[in-house]
Amino acid sequence: MIKTSHLAGAFAVLALTSSGAAYAAAGVTLNGSGSTLSKPYQEVAIEQFKKSHGDVTINYGGGGSGKGRQDLADMVVDFAGSDSPFKEAEAAKAKGGPLLYFPILLSPIAVTYNVGVDKLQLSAPTIAKIFQRDIKKWNDPAIAADNPGAKLPDTDIVVAHRAEGSGTTQNFTEYLSTAAKDVWKLKSGSTVEWPSDTQAGQGSAGVAQIVKSTKGAIAYVDLSDAKASGLKYATIKNRAGKFIEPTAEAASAAGEGIEVKDNLTFSAIDAKGEKAYPITAQTWVIVYARQTDKAKADALKAYLTFLVKDGQSLLPGIDYAPLPKTLQDKAIKQVEKVKVAAHADLTR
Amino acid sequence: MNDLFAKRSYGDRAFSRATACAAALVLLILALIAITITRRSVPVFQEMGLRFFTTSRWSPPDGIFGALPFIFGTAFTAVIAVVLAVPISLGVALFLTQVAPPRLAKPLVYLIDLLAGVPSVVFGLWGVLVLSQHFHLGRSFLTAGVILAIMIIPIITSLSREVIDTTPPGDKEGALAMGATRWEMISAAVLPHSKGGLVGAVMLGLGRAMGETIAAALVIGSALGQITLNPFAPGNSMPAVIANEWGEAQELHKSALIALAVTLFAITIIVNLIATAIVQHSTKRSRGT
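These protein sequence lines are chains E and R, in that order.
Numbering (our numbering) for the first sequence: -4 to 343.
Numbering (our numbering) for the second sequence: 4 to 292.
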């Protein structure tokens, strides 16, 4: 699936001409903001995309999924990156009309730890008990039950989490509310009511830093950051009862076992499948279906096509998982739904 | 002659109007800020009522928003900062004005004023790297208090120095002429004269410490619902919560964060009013009226 940038460009142009839009995006700038989870992908994708589309400038600002959705709703950006879809009330307030969701990647959320065991296996109820501080020692019977035969130390558990509101926290707590719903009491959200004897770090990197420097620490961290910090991570028990290591392949496997709605929204959390990694997050690029500026719309379509098609091969290199084939096909097809409409047509 | 006078008075009028406009604009901006944030904080008060100020739980998924721990954290860290900063600042200010020879005092004054201009994120990062990691203070009320103290020392020092400098030389020379030692002179002439201004300086430092966002957010620990007098515990302050949670907040959560801003706004105004009152009271007393 590795293609040269020439081919990538040819494909993008082909896609556009076939949909009847002549490519005429001289000096177009596209602005996006939102998900920090997908920022590394946006960065490498923008760099590659520029090679074939020298006249298109793309800026991706990050700032968090919530900010991205708000910016798009207020029409201050051309596209938003978000790890969760708009809520219905939120979507109704979007000033530019109907929205289109383009899934761009899947990402395993690793449960990293710093304690003297090489292999650690965890099930959802055990993770829930650890993170809400029902379990405070590493040699607790619940952890021992997940790790038969392992020698667990009598060390205090230190729980670390994100200080700021975060899509990763949202997906991690959604996983616990789904897979351990009888045990988990803190519900799900971008910020939850963590017990006050836990530690908070700024960003994935800040949390990783706490785990690295604190004996007995455990935390949820995006796989790419966990790997960058050289942390050990646990294998997690999935719905099929198998303990799965967080890898790009296991996240793609989770993508195979999900139910996708017509608007391409879904949740990859606790997916079916023998090889699926259960704590898998997803992220979308969200745009308005109706665009007012033709040149901008063409550039946007070319970039969207690149993100869901040729750009996908860049993902494993930065520890993210590409979309499964069926989902990818749907996303490529959906690019055609981005239409240019005159101002008058925009009134709903 | 007349012409020239008319021209000048026209210019004067234009000038006084322009300055009045500038002054009015500041008030207008302040009023607009107050109105907008108050209006947008209404939903959380409809939901929580005054329990917003008394509840110690903050759980966005449950829709429960209690500001008490953050009000406490803001006050606690600001008090730690002031307690640490005031003796040092006053010491430095007295040293610069009463003890140090001018050729030493001048560069020092320059250096301290420079310190006041260092962006707060630099202090915050230094706090994370040096205080919490190198000195193992962790992220706590104390770490935040220490960073805030370092940040307000230049401000309090600078203002105190200027206030102390206004002590009439006659008062000081009188005290010395009556055989007072340097410390007796300071406590009998300099401090009584400067008391009002010094309180004002401390209050301004307190205001800065309460409103400081980034440095506090980086080192305070971001623990929710923490109310304890243990300075080594992680906590949270109002500005830090706003900075941390704004990006991903929705609807009621957003409104709750804005309500925190309103609370902070109100507390800052109250602190400043108290400072003004104290300053006026003490200047009155020192004039003997």
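It is worth saying that the hints were derived from the structure and are not from the lab.
Don't take each hint at face value.
[Unchecked claim] According to the in silico footprint, chain R covers these stretches of chain E (three or more CB under 8 Å from chain R):
1) 53 to 66
2) 109 to 123
3) 155 to 168
4) 263 to 277
5) 280 to 291
[Unchecked claim] Under the rule of at most 30 Å between Cα atoms (straight-line distance), these lysine-lysine pairs were calculated in the BS3-like manner:
6) 82/E x 114/E
7) 257/R x 88/E
8) 210/E x 222/E
9) 256/E x 175/R
10) 182/E x 256/E
11) 175/R x 34/E
12) 232/E x 114/E
13) 257/R x 90/E
14) 175/R x 180/E
15) 207/E x 227/E
Remember, it's a predicted structure, so these values are computed and weren't measured experimentally.
Backbone N, C-alpha and C define an ideal beta-carbon position, used for all residues, glycine too.
For each hint, the structure was consulted:
no., hint, in the structure
1, 53 to 66, "holds (count 5)"
2, 109 to 123, "violated (count 0)"
3, 155 to 168, "holds (count 7)"
4, 263 to 277, "violated (count 0)"
5, 280 to 291, "violated (count 0)"
6, 82/E x 114/E, "violated, 39 Å"
7, 257/R x 88/E, "holds, 15 Å"
8, 210/E x 222/E, "holds, 18 Å"
9, 256/E x 175/R, "violated, 83 Å"
10, 182/E x 256/E, "holds, 24 Å"
11, 175/R x 34/E, "violated, 64 Å"
12, 232/E x 114/E, "holds, 13 Å"
13, 257/R x 90/E, "holds, 19 Å"
14, 175/R x 180/E, "violated, 68 Å"
15, 207/E x 227/E, "holds, 9 Å"
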